[in-house]
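Undergrad: Since the structure of chain A is already known, use the hints to place chain B on it.
Respectively, the protein sequence lines represent chains A and B. Each residue of the first sequence is one higher than the last, beginning at 9 in this note's numbering. Each residue of the second sequence is one higher than the last, beginning at 426 in this note's numbering.
If you're looking for bench data, these hints aren't it; they were derived computationally from the structure. Glycine included, every Cβ here is placed at the ideal spot set by N, Cα and C. Check the hints yourself; a few may be wrong.
Okay, the calculated beta carbon distance ranges per label pair [what the hints assert, rightly or not]:
1) A:SER117 - B:ILE537: 23 to 31 Å
2) B:ALA454 - A:SER117: 24 to 32 Å
3) A:PRO102 - B:LEU531: 43 to 51 Å
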Amino acid sequence: MDELSDAAGVPMSAITNAPQSGTAERAERLARAWRLWITAGPGLFWIVLFLVLPSMILLAIGFFSIGNYGNPHLPLTLTPIREVAGYSILGWSPANITTILRSLLQAVSAAGLTILLAYPVVFFIIAQPPALRPLLLLFVILPSWTNQVVRTYAWMELLGPGSALSHLAQTLGLLPPHLGLMPGLLAMQIGLTYNYLPYMVVPLYAAAEKLDWSLVEAGRDLYASGARLFWSAVFPQTLPGLLSGIILVAIPAFGDYVVPTLLGGGKSMMIGALIAAQFLQTPNWPYGAALTIFMLIFTCAGLLVFRVMSKRLGSSEGSML
Amino acid sequence: MSSRLAPPIRRALLLSSMPVYLLLYAPLALIAIFSFAPAPGGQAASLHWYGALWHEPDVLAALRRSVMLALGSSIFGTGLGTLMGFGLSRFRSRARSGFAAAIPSLIIYTPIIMPSLVFGIADLIFFNLLHKATGLFAAGLLTMGIAHVTFQAPYVALVVFARMSGLDPNLFEASHDLYANGWQSFFHLTVPVIRPAIIGGFLLAFTLSIDDFTISYFTAGPGSTTLPIYIYSAVARKGVAPDINALATLMIATVIGTGLLQYLFTRQKERRPMPRAGD
Chain A
9 MDELSDAAGV PMSAITNAPQ SGTAERAERL ARAWRLWITA GPGLFWIVLF LVLPSMILLA
69 IGFFSIGNYG NPHLPLTLTP IREVAGYSIL GWSPANITTI LRSLLQAVSA AGLTILLAYP
129 VVFFIIAQPP ALRPLLLLFV ILPSWTNQVV RTYAWMELLG PGSALSHLAQ TLGLLPPHLG
189 LMPGLLAMQI GLTYNYLPYM VVPLYAAAEK LDWSLVEAGR DLYASGARLF WSAVFPQTLP
249 GLLSGIILVA IPAFGDYVVP TLLGGGKSMM IGALIAAQFL QTPNWPYGAA LTIFMLIFTC
309 AGLLVFRVMS KRLGSSEGSM L
Chain B
426 MSSRLAPPIR RALLLSSMPV YLLLYAPLAL IAIFSFAPAP GGQAASLHWY GALWHEPDVL
486 AALRRSVMLA LGSSIFGTGL GTLMGFGLSR FRSRARSGFA AAIPSLIIYT PIIMPSLVFG
546 IADLIFFNLL HKATGLFAAG LLTMGIAHVT FQAPYVALVV FARMSGLDPN LFEASHDLYA
606 NGWQSFFHLT VPVIRPAIIG GFLLAFTLSI DDFTISYFTA GPGSTTLPIY IYSAVARKGV
666 APDINALATL MIATVIGTGL LQYLFTRQKE RRPMPRAGD
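Excised from the complex, chain B in its bound form:
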């Protein structure tokens, strides 16, 4: 295919796409450069602001909360999502069509399609009313976790469903012939066979949770500031600041480093990188 384009066209494509790559990385590189700003009163580039982060208890607490929230919600979301993907792939009757048969799909796609702002505000109101009525569900890590599970489960279900549709149905019949009952068959056959999808789904759920800002922001309580919320509040309050540059640089480096590592270790033809909902 590479030979199908004439050299002048290829040169034009190179010249027009290099600025786009530059545009994608220049802002991130700039943050990194500014993060080495000199310490107050100093002149030379320094690591001062990285050191300052380490002594900022709020940042460390926010990081800890982000990780806890992501771990907890991913475990739960992966469980619910795996069962959903498995069940819909195995037990939905294909014969029936029409609106009633489409309802499960409609429900699963709702969290994916719903604008995150509407998602966040709907849950804000719902938990608010629930809290007034029952005294439970005060805004905090619990409500954030519930909201996170709600958007993680559908993505996990889609990953598991895709894996299930690639499997030979005879596999399940064979397990039936060996007299495994339903749950035995699920845990001894299905789970091992779809393990890559479950692990992939879990990792996806984890990154979705770590990355989420908008939905977390609206379901968060006073003591549940996560890392993205911490940065947003600091930026909205005082604008550009060197310590935020250092924190942002660490986050960018982590993400890009993990992304590249993931690419190096899982170089398979079928795996095409996908953009992630960053909000």
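Chain A on its own, in the form it takes in the complex:
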């Protein structure tokens, strides 16, 4: 009974007057449900109205024909989906598939590069006295608190045609004169790696902080080499953090909009910029929506793999609410 009227809404009498225990139980359940609705309801309703519903509309538009102004029009058709796969009036072209594959590749290699950069940093931090660690971690994260547009702009400055790095590349014969390292694939890759590095460091650090060092010591007693120790005793323990890091880097990098538009240039389009162009420049909503469907499929597939794998690894991260 104490549980019943402890926090919100229903007057005491409604519950205390319940004659039988069965009815009382029912009343309790109803009271709880009612309170849940008046507290969590408005927020949940807000999200459904302003995000879930709009996303469904967006996905549905992917099955409409294109009207005169690029707007969706009846009848329903699979043309936009076929367009994404590369079929148009002019026949098949690989341009879209290339863009999607390029985005996947950029996302995966950004994740790979952040892994390479994150491991030394994480273990450097772990090797310091505990009092110093939060500060060192903060210094990795601070740049990510600045605006993404500003962070990306910084690389335009560093890689642009007149920059020192571009001069160096020209002198080494890696780059034709008067061109910059930006725009292009390399610049995009650097921008994505830079933007998302902290998202790899933080979960890896969380995993490394809980490391069971007795395993490492046991291995050392058995005269295992340094590399062997890392692979067999340390690396498996950091796997849950690594997995979270890959998801946190690869998914936003795949759909990033700022980096490809500022650093990528016209020749190295990524899916995010391609989608945005269908709504902002040449309006073709159904085609843009069909591209979005593909993007969400990849995102969901990534999350699903993550869930299955982290369950197998026995970590319960992310299941808090």
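TA: Structure of chain B alone, referenced to chain A:
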């Protein structure tokens, strides 16, 4: 733990992680250095471009809009989010499991998981259709604010939920025994007890809003340029420019300064800094 690694390994770790720290700060430092570029016709380093910013009405208007949008949306988002976190923590029946019981969590995580580009475009279309149908919801600060509340509320809910799960349920029963009714108990007991989480959630909501570019960009109207949108449009139009360097330097200095201050004043073991979604 520090003694568990042999000195050569520690030296190797130091040598391999210093370049990473350098990589993280070199681009930001470079912007700051270039922001002191000489005035047109001059030779020496100067504060000219900072002065130029001050006389740029567009920049000041964009700054004002950013702050207004962040304040308004955070107040609303914190309210909705606090109620959500509180309600889900207190009143969701734990007995039931399965798909139906997971629906609230699914909804709350949607704005967090959804790629910001899809988020922004979905709202762009939705508000566009809504505007055509009703004449209301013209793209502008209102639509941006609605979108911001949508991504702020879940984060606030998570912060409040985490705080609630650390509380003793007996607390609420005690308040019941003192004959406080539901709302009295909420305002006199729950709110004071979870105040740190509410304040933390509000600050998080505020920074999320100030920082957001992609979702704002797609829900913005002609007269609602915020600071990140202003920089993006200027950069996309004319590339690297000294006045943008000065503006960016001010933004970087503000963020890093606030971050360090926050760290100095709230040095608790449990507080671990988190990266923020910058887009």
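Undergrad: Hint by hint, say whether it matches the structure.
TA: Results for each hint:
1. A:SER117 - B:ILE537: 23 to 31 Å: Given a distance of about 25 Å, which is inside 23 to 31 Å, the answer is holds.
2. B:ALA454 - A:SER117: 24 to 32 Å: holds, 26 Å
3. A:PRO102 - B:LEU531: 43 to 51 Å: violated, 36 Å
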